[in-house]
Structure formats: C-alpha cells, structure tokens
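Protein sequences, first through last, are from chains E and C.
Residues in the first sequence are numbered consecutively from 1, following this note's numbering.
Residues in the second sequence are numbered consecutively from 1, following this note's numbering.
If you're looking for bench data, these hints aren't it; they were derived computationally from the structure.
Quick reminder that beta carbons are idealized off the backbone N, C-alpha and C, glycines included.
There could be a bad hint or two in this list.
To be verified - Pair by pair, the computed Cβ-Cβ distance ranges are: (1) E255/E to P119/C: 19 to 29 Å; (2) L262/E to E157/C: 20 to 30 Å; (3) V32/C to D163/E: 47 to 57 Å; (4) G53/E to H3/C: 18 to 28 Å; (5) E169/E to D112/C: 24 to 34 Å; (6) E142/C to G181/E: 28 to 38 Å; (7) T226/C to L262/E: 31 to 41 Å.
Unchecked claim - Below, in silico cross-link-like pairs of lysine-lysine (DSS-like), each with a Cα-Cα straight-line distance of 27 Å or less: (8) K65/E to K18/C; (9) K23/C to K80/E; (10) K180/E to K34/C; (11) K107/E to K215/E; (12) K47/E to K34/C; (13) K67/C to K209/C; (14) K180/E to K85/C; (15) K209/C to K23/C; (16) K34/C to K18/C; (17) K209/C to K165/C; (18) K180/E to K18/C; (19) K80/E to K18/C; (20) K51/E to K116/C; (21) K250/E to K116/C; (22) K250/E to K209/C; (23) K67/C to K125/C; (24) K47/E to K85/C.
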Amino acid sequence: MKIVVCIKQVPGTTDAKIDPETKRIVREGVQAILNPFDTYAVEEAVKLRNKYGGEVITLSMGPPKAENILRESISVGADKAILLSDRAFGGSDTWATSYALAKAIEKIGGVDLVICGKQAIDGDTAQVGPGIAAHLEWMQATYVMAVDDLSPGSITVRRMHEDGYDICEMSLPAVITVVKGINIPRVPTLRGRLASENVEVPVWKPADIGADETKIGLDGSPTRVVKTNPPPPRHTSTKIIEGSSEQCAKDLFRELRLRSIL
Amino acid sequence: MEHHIRNKIYHVEILPPKQATEKLHEDLDSFVEKFNRVRESGYCACITDNAMGLLAFQGTEVIEEMKLKVNPEQVMIHLNTFHTKEDLDNILGTCIATGIKYLLVISGDGSDRLPKLQPSDIGAKGVESVTSVELLQYIRREYPGKFVMGVAFNPYEPEEHEFAKMNRKMDAGATFIITQPIIEKNVIVDKLLETYPDVPVIIEAWMSKKLHLLSDAVGYEIPEDTEFDPIATLGLLHRLYPKCGVYLSLLGFKYQYDKITGLWNKSLS
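Okay, chain E solo, but in the shape it has when bound (with noise of 0.2 Å):
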C-alpha cells in the first residue's frame, strides 16, 4: 500500500495579515508550522501504514523552508518526503496546486491512497484534496473521520456530514480528506526528530514532474482575489458564576452544556 500525504506549511498564528497590493498573506517575519489539519492525515497514513503495510510518502508545495515540515512528519513516521519548489509554482491557487501535486503523485507511481487534511488553516478553501482527486480523476471522499477498512482494491470510511455520517466504499486509487478527531496525532520522539535531520529531502521542479507551466503558477490560475477583508473582531465576555460551590458547578456545567463544550 503507497500512500500519499499531502501537506503544507502555514503561519502558525492567528493574526494573520494580508498584503494589500498582492492580497496574498503576508508570511515573511511569521513561524511557519504544519497545517494543524495534516497533522491528523499524516497519523492516519502512519497507522494505516503500520496496520497494512508499506509506505507513506509526504509530499509538499512551497518554499525550500517548507522542507521543515517535511521532515517533521519523517520523524512522525513517515518514510519518505518530496518537496516541490520553484519560483515557477509561486502565485499558484488551488487549481494549479492540485494539479501540481497531482502531476507529482502521477511521477511518484503506484499510488494507492491519497491523504489531505480537510483544509488548511490560512487558505480555509478545502478545495486541494478534490483538486488531486479530480485531476486525477480517482474517487474521493472529504471530512473523513474514520477510515473502516483498507483492502488492495478499496477502503471504506465514514464521512462525516452535519447529522452524522455515511459509510462510503470507493475503489483505490482513491483520494480522502481527514477532520480532526479522526486520530490523535503522535507527537516526534527524539529519535524520530534526529534521524529525520539526515533524511534526504528531494526537490521537484516542474519539468521534474512533467507539468505544463501554463498551469501552474500565477498565469495557471483562474482564481482572481479582488478584495480582502479582515474578519470582524471576536467579541468575548467574562461571566461570573455566584452562590454555593453546588450551584456554581450546576451553573457552570449548564453553561458548558449550553455552548456544547460538554
């Protein structure tokens, strides 16, 4: 079983900013970390890995420092990590980034599975994992939270959707989008993070993957964004529970009932 992680390299706060002239998030100056969502498909690979054997391969588009997350998820378990990089890819929107990693999963071969996490937390589309699929031309399923079983010729998964889920049974190669509480992602041992320090990373250019430059880039995307705004700001309060300690704890569980934290 080959699967393919796709991953990707994210500001790692919340107070992201937007540069006015490019309308592109403004990443220089901020920590870069992994897209909490590929997290969960990164540990879903793994253990469907270690359940059935083969490998996992990860794979990423961005700048050379997206290499970072690359390895992090080596010393998570994966096995291998490709890093597509080149000015040629800068400015690509979801549609060229699919079709990139598509046209990388295509050279990698013998793929079976295909994991995404259901978006990523400075883009917030979703739209990457049924880019690949579609590009591809394979089965997918999105805000997969439980993959049943995993055969040669098919998977089942439990999809989830707003009044529970479905059970779905596609044919591999399929592509499936995970959500979080799909797993608990494993966090590295200290032998993982250091024997991923000496795991070549090798970097893909377009003419490594065969992709038509009329693709990808900002000249292979058709999404044009004409205006950004920042969301308005979150309003908090403070609310103070008073009476005896019975009450208060009656009180505060029905709050925490009331915004289903419980």
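We have chain E; now place chain C onto it with these hints.
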C-alpha cells in the same frame, strides 16, 4: 527517599528540550550539561513530563539517546497521565533498562496534542478518567517492586479535597510527597507533615525571581513587580522545615547553582 533528606540531597528540576525548539542540538547539550552537573554535585535530577502541557521530549528518551550515565539514586522522572498506553510502557521500560527507579506520578497538564490515558487502557475500574491514583495502581500492579513512587501535594487546593486525594494516593502506593512551591511557612503543609509523620515530604522551593509566575499555582494574582529573593527564601525554608527535603524548580544554573552549595547546612547551623 529518607536518606535523600538525611544526606541533604537537593532535588533539582530539569526540563527536557521542547518539541517546538528550533535549536534542538543546543538544547540537548544544555540538558546534558545540567544533568551531569546535578549528578556530579551528588544531587537528584528531576526531569519533567510535558510540564504545563508544553510538548517536550521525554526525559527517558533524552537519557537513552544522549547515553547519559544514570545513578539510580540521582534521577527522578515525572510521569503524568497524558500518554498512550504504549508510550507509558515504553517510558517505564526505559526507566528499568537505564536504572531509573524514582517516579513522581502526577495527573499532569494536558494539551490538545497529547493523548490521555483511558481507564480501560490500564484496567482502572469504576472511574471516568485516569488520575495519578489509577496510574500509581497500574504501575504497582504491573511493575511490582521496580519503582519508588512519589506524588504531588497542592496546599492551594481546597484542603479537605486535597487530603482525601492524598489518602487515595498513599493507598495506591505512593511513598513520598513533593509539595507545590511554598515561599514561607504554610499551615496546610504543616498539617500534611502532622498527618503523614512517617512519609518523606519534599517541599518545592521556587527559584525564579519572577514570583508572579506562581500566580496560577497559588490561585491568586501576585503583582509582577513583587520583589523576591529565591536564595534567601530557600534558606528560610530549610529553617522552617528542617525535616523536609527540597525540590528546586526553575533553578538558574548560571548564577544560582553555586550559591546553593552548602546552603542547607549553613541555614541549619
């Protein structure tokens, strides 16, 4: 643990490198330097377990990976309930393999990134979640005679509740107690000593000058500009609690470490 107190062996807290560090090798070198310094001083190195819920590498794996020499009397690891069963057994297995016998068993501070042991994982019945009590019971049952286990005591929690919990911890196999930091005479700690006269108690001394960082632990706001002399306070604690051991948290290895040499004896003379 009695002989640690009798021989005035400090328990020195050491934090392993954080997972998020971008200078891992530098941090590992720093850990090794501190660990060896504590060992050479004859003290006991106490290694935290994802303290404050901040993800860090496990003390056991750092010791193993950096091939650190373990004197069983000079190493204690904190062990909390935020592990998978597999990781828990790996940690305990590494402890046995490297000769670590002292454990400080605590419930611990969680984080979204950390798995929590479930009662079914460790065969705990009749409870909804795993606390230090269930973890103690598990270790005592599955690793009989392998470890000397201590537990934490928080004098800032509601007294009745904390003492009831301490009873359960003792029943579960704890043989020594380490308190939360105190900076002066504490009547609840006094009561602890009266309640458990035969159990070695180690009081935690706060060695950071930033006393306000204790606010969360004590449950009230300590102003940021509060003046605090950790070394003088440590001397005071020795005089107030001559029968207790001392756990030094956030000890500065650069400027404070040399100042604690001989301080215990000097304070009592």
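Verification of the supplied hints:
1. Against the hinted window of 19 to 29 Å, the Cβ-Cβ separation of E255/E and P119/C comes to about 27 Å, which satisfies the hint.
2. Look at L262/E against E157/C: about 22 Å separates their beta carbons, and that is inside 20 to 30 Å.
3. Our hint of 47 to 57 Å for V32/C and D163/E holds, since their Cβ atoms are close to 55 Å apart.
4. Checked against the hint of 18 to 28 Å, the pair G53/E and H3/C fails, with Cβ atoms roughly 52 Å apart.
5. Evaluation of the 24 to 34 Å hint for E169/E and D112/C yields a pass: the beta carbon distance comes to about 32 Å.
6. E142/C and G181/E have their C-beta atoms about 30 Å apart, which keeps the hinted 28 to 38 Å range intact.
7. T226/C and L262/E have their C-beta atoms about 37 Å apart, which keeps the hinted 31 to 41 Å range intact.
8. Between K65/E and K18/C, the direct Cα distance comes to roughly 20 Å. Compliance with the 27 Å bound is thereby established for this hinted pair.
9. Distance check on the hinted pair: K23/C and K80/E sit about 23 Å apart at the alpha-carbon level, within 27 Å; holds.
10. Proximity of K180/E to K34/C is assessed by CA-CA distance (about 38 Å); at most 27 Å being required, the pair is judged violated.
11. Among the hinted pairs, K107/E with K215/E is consistent with the structure: their alpha-carbon atoms are about 17 Å apart, no more than 27 Å.
12. For the proposed pair K47/E and K34/C, the alpha carbon gap of about 37 Å is over 27 Å, so the pair is violated.
13. The hinted pair formed by K67/C and K209/C fails the criterion: a straight-line CA distance of about 33 Å is larger than 27 Å.
14. Among the hinted pairs, K180/E with K85/C is consistent with the structure: their alpha-carbon atoms are about 21 Å apart, no more than 27 Å.
15. Restraint check: the Cα-Cα separation between K209/C and K23/C comes to about 26 Å, which is no more than 27 Å; the hinted pair holds.
16. Our distance criterion of 27 Å between C-alpha atoms is met by K34/C and K18/C, whose separation comes to about 15 Å.
17. Proposed proximity of K209/C and K165/C is contradicted: the alpha carbons are some 31 Å apart, above 27 Å.
18. With a C-alpha separation of about 24 Å, the suggested pairing of K180/E with K18/C holds against the 27 Å cut-off.
19. The suggested pairing of K80/E with K18/C holds, with an alpha-carbon distance near 24 Å, which does not exceed 27 Å.
20. For the proposed pair K51/E and K116/C, the alpha carbon gap of about 22 Å is at most 27 Å, so the pair holds.
21. Among the hinted pairs, K250/E with K116/C is consistent with the structure: their alpha-carbon atoms are about 25 Å apart, no more than 27 Å.
22. Our distance criterion of 27 Å between C-alpha atoms is broken by K250/E and K209/C, whose separation comes to about 39 Å.
23. A C-alpha spacing of about 38 Å is found between K67/C and K125/C, which places the hinted pair above 27 Å, so the restraint is violated.
24. For the hint linking K47/E to K85/C, the alpha-carbon distance of about 16 Å falls within 27 Å, and the restraint holds.
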